[in-house]
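J.: Line order of the protein sequences matches chains H and P.
Under my numbering, think of the first position of the first sequence as 1, with each following residue one higher.
Under my numbering, think of the first position of the second sequence as 1, with each following residue one higher.
The set of hints was computed from the structure by calculation and includes no laboratory data.
Just so it is clear, the structure is predicted and the values come from calculations on it, not from any experiment.
Don't take each hint at face value.
On the chain P side, residues computed to face chain H include the following (Cβ under 10 Å) [unchecked claim]: (1) K42; (2) I48; (3) Q55; (4) L78; (5) H92; (6) P95; (7) M97; (8) F98; (9) G101.
We treat Cβ as the ideally placed atom computed from N, Cα and C, and that holds for glycine.
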Amino acid sequence: EVQLVESGGGLVQPGGSLRLSCAVSGFSFSGHYMDWVRQAPGKGLEWVGRSGNKDNSYITEYAASVKGRFTISREDSENSLYLQMYSLKTEDTAVYYCARSYGSGRSNDYWGQGTLVTVSS
Amino acid sequence: DIQMTQSPSSLSASIGDRVTITCRASQSISNHLNWYQQKLGKAPKLLIYAASSLQSGVPSRFSGSGSGTDFTLTISSLQPEDFATYYCQESHNVPRMFGQGSKVEIK
């Protein structure tokens with residue numbers, strides 16, 4: 001069974017940092033691109049960024065709203081994806097989902113349950 | 001960035017109704033279009049990929065069509081479990097842009 005489990009969310013002050021983790025099981029993690037998607041309270045979905053796989057040298061790409069502040073990494077040996085967030089802003093408050101990419105990286109077929117990040121003083 | 005515009009933003013429908021949601025891209029995206037369903041407090045669920053391919057396990061009452069800039073999600077006969085918010089997402093470029101969502105409510 002494919003599972004993705006996010007962790008690491010919580011309350012952080014503006015300007016602070018937080019690292020989210022996504023532990024996966026049930027599939028060959030190393031072969032898949034992986035995405036982070038977020039959803040602010042009561043709002044729609046926003047793509048945050050992605051990690052490529054070994055075949056594309058783990059290229060990472062980011063939304064403009066987080067570029068330079070967020071870093072996506074992965075550890076294939078541990079079946080884990082990470083989202084390191086720096087210089088957090090109140091507008092980064094959201095539920096953060098990790099999602100597996102499928103079909104040449106063009107859709108997300110499995111998602112985690114999400115972890116809530118609240119940026120507030 | 002490609003802009004995705006969904007309509008309507010919300011709709012009320014009855015069980016058994018045929019429901020259609022449209023999504024327009026600001027530039028041609030070929031068939032690189034996904035549809036997701038999200039229920040309150042849950043993660044999104046992939047329904048349709050590549051504009052018209054039904055994801056495994058998704059009921060056949062869901063269908064997608066379109067190419068280029070104009071796309072449609074159709075629910076042929078609305079069921080109680082279909083009340084949710086639906087999002088389109090382009091997969092043509094990075095960043096992957098979502099539509100603003102279409103909420104389907106009970107009439």
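J.: Enumerate the violated hints, using their earlier numbering and listing them in ascending order.
T.: Result: hint 4 breaks, nothing else.
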